[in-house]
Amino acid sequence: MDVRCPRGRGSYPYVAGSTVGTVDREQWRWRAEAGQERAPRASLHCRSASSPYRCNRLAHAKAGKILTELLLRFLIGGAVVSFFSLLGDVIRPKSFAGITAAAPTIALASVFLTLRRHGAVYTGIEARSMIAGALAFFVYACAVSFVLMRWRPSALKCAAALLPLWGAVAGLCWAAWLRR
Amino acid sequence: MRVGVDLKKLRQNKPIELIARFAFGGAVTVIATLIANRYGPVIGGLFLAFPGIFPPSVSLTENHAEERKQRRTGKSGRLSGRAEASVEAAGASAGAIGLGAFALVLWKGLPAHGLLLLLPLATAAWSIVAIVLWRIRESL
Chain A
1 MDVRCPRGRG SYPYVAGSTV GTVDREQWRW RAEAGQERAP RASLHCRSAS SPYRCNRLAH
61 AKAGKILTEL LLRFLIGGAV VSFFSLLGDV IRPKSFAGIT AAAPTIALAS VFLTLRRHGA
121 VYTGIEARSM IAGALAFFVY ACAVSFVLMR WRPSALKCAA ALLPLWGAVA GLCWAAWLRR
Chain B
1 MRVGVDLKKL RQNKPIELIA RFAFGGAVTV IATLIANRYG PVIGGLFLAF PGIFPPSVSL
61 TENHAEERKQ RRTGKSGRLS GRAEASVEAA GASAGAIGLG AFALVLWKGL PAHGLLLLLP
121 LATAAWSIVA IVLWRIRESL
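Chains A and B are the protein sequences, given in the same order. Mapping of the first sequence onto our numbering: residues 1 to 180, in sequence order. Mapping of the second sequence onto our numbering: residues 1 to 140, in sequence order.
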């Protein structure tokens, strides 16, 4: 049985000393017998000075950081997408405005944060894969345009139904080029 | 064909549509990040070019065109709305090639150059390639 931190969103295990990992009942019993540790009390919070077991504060901090980053990405992504979407609304003719539907919105929204968190090499690898994603987008957009013009189905249904085509082309590119 | 800007079209947007676009864009960005975190940059990078906002975008175009036609002529504008959505999708195909150019600049530029230089260059590459392809397509 794991000994969970009572305030740590219920998922972070106690960590004995500086050892990172889950402390189970058998482990602390063995340690208690060997005189290495005292048995933890379940009601004791990890931050309590008297607790022999400390919560993995690193995990708490990391989870908070990730959530903040995701929130930031959500806000930036929403703003960038809205900007290009409104730009597409006001530009005419519509064929020209369509260019903004394939704007690098997700990349623009996330590339700075990705570079800061993972470094330039990681961002470069993502950019290389993005070329394959863009090729898949090209095939997908051509297919949507053709089907809409030829059979005139609902635009949303057509665009949503053809999304697996993007996945298929991207998957082919991954298998043929990126996986190596 | 002359390219221009028609700011009156901004009035067609309902507040709920603006909120939906913002939420959808944010959600797609977060999902792409989560995929990259889970499966690594090779798979994650593919999703940087995921057409996440494309389906709602063509759908809005269809609806707006349909409403416009109905207001002007009193007839159903369903088919012309779908034709307009098709034209937008054709434009998006040019934008997608531009997206590839954007990624190429980033891929070749990193890690030798900084993002402050590369990002404007990549955005310029996207717009130039997309505009040139659009012009070629229009002239055909």
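Hints were generated in silico from the structure; no laboratory data involved. Hints are supplied without guarantee of correctness; some may be wrong.
[Claimed, not checked] Here are the simulated BS3-like cross-link-like pairs (lysine-lysine), alpha carbons at most 25 Å apart as the crow flies:
{"id": "1", "chain 1": "B", "residue 1": "K75", "chain 2": "A", "residue 2": "K94"}
{"id": "2", "chain 1": "B", "residue 1": "K75", "chain 2": "B", "residue 2": "K9"}
{"id": "3", "chain 1": "B", "residue 1": "K75", "chain 2": "B", "residue 2": "K14"}
{"id": "4", "chain 1": "A", "residue 1": "K94", "chain 2": "B", "residue 2": "K9"}
{"id": "5", "chain 1": "A", "residue 1": "K157", "chain 2": "B", "residue 2": "K14"}
{"id": "6", "chain 1": "A", "residue 1": "K94", "chain 2": "B", "residue 2": "K69"}
{"id": "7", "chain 1": "A", "residue 1": "K94", "chain 2": "B", "residue 2": "K8"}
{"id": "8", "chain 1": "B", "residue 1": "K14", "chain 2": "B", "residue 2": "K69"}
{"id": "9", "chain 1": "B", "residue 1": "K8", "chain 2": "B", "residue 2": "K69"}
{"id": "10", "chain 1": "A", "residue 1": "K157", "chain 2": "B", "residue 2": "K69"}
{"id": "11", "chain 1": "B", "residue 1": "K8", "chain 2": "B", "residue 2": "K108"}
{"id": "12", "chain 1": "A", "residue 1": "K157", "chain 2": "B", "residue 2": "K75"}
{"id": "13", "chain 1": "A", "residue 1": "K157", "chain 2": "A", "residue 2": "K94"}
{"id": "14", "chain 1": "B", "residue 1": "K69", "chain 2": "B", "residue 2": "K108"}
{"id": "15", "chain 1": "B", "residue 1": "K108", "chain 2": "A", "residue 2": "K94"}
Only a predicted model underlies this, so the values are computations on that prediction, with no experimental measurement involved.
Now for the hints, and whether the structure bears them out:
With a C-alpha separation of about 21 Å, the suggested pair K75(B) and K94(A) falls inside the 25 Å cut-off, and the hint holds. The hinted pair formed by K75(B) and K9(B) meets the criterion: a straight-line CA distance of about 21 Å does not exceed 25 Å. Taken as a hint, the K75(B) and K14(B) pair is honoured in the structure, with Cα atoms around 22 Å apart against an allowance of 25 Å. As the CA atoms of K94(A) and K9(B) are separated by approximately 12 Å, the hinted pair is consistent with the 25 Å bound.
Of the pairs offered as hints, the one joining K157(A) and K14(B) holds, with about 21 Å between alpha carbons and a cut-off of 25 Å not exceeded. Restraint check for K94(A) and K69(B): satisfied, since their Cα atoms lie roughly 15 Å apart, inside the 25 Å limit. Taken as a hint, the K94(A) and K8(B) pair is honoured in the structure, with Cα atoms around 15 Å apart against an allowance of 25 Å. Simply put, K14(B) and K69(B) have alpha-carbon atoms about 18 Å apart, close enough for the 25 Å limit, and the pair holds.
A distance of roughly 16 Å separates the Cα atoms of K8(B) and K69(B); the hinted pair therefore holds under the 25 Å criterion. The straight-line distance between the Cα atoms of K157(A) and K69(B) is roughly 21 Å, inside the 25 Å bound, and the hint therefore holds. Distance hint between K8(B) and K108(B) is unfulfilled; the C-alpha atoms sit about 41 Å from each other, more than 25 Å. A hinted pair counts as satisfied when its Cα atoms are at most 25 Å apart, and K157(A) with K75(B) qualifies at roughly 23 Å.
Restraint check: the Cα-Cα separation between K157(A) and K94(A) comes to about 20 Å, which is no more than 25 Å; the hinted pair holds. A hinted pair counts as satisfied when its Cα atoms are at most 25 Å apart, and K69(B) with K108(B) does not qualify at roughly 47 Å. About 32 Å separates the Cα atoms of K108(B) and K94(A), which puts this hinted pair outside 25 Å; it is violated.
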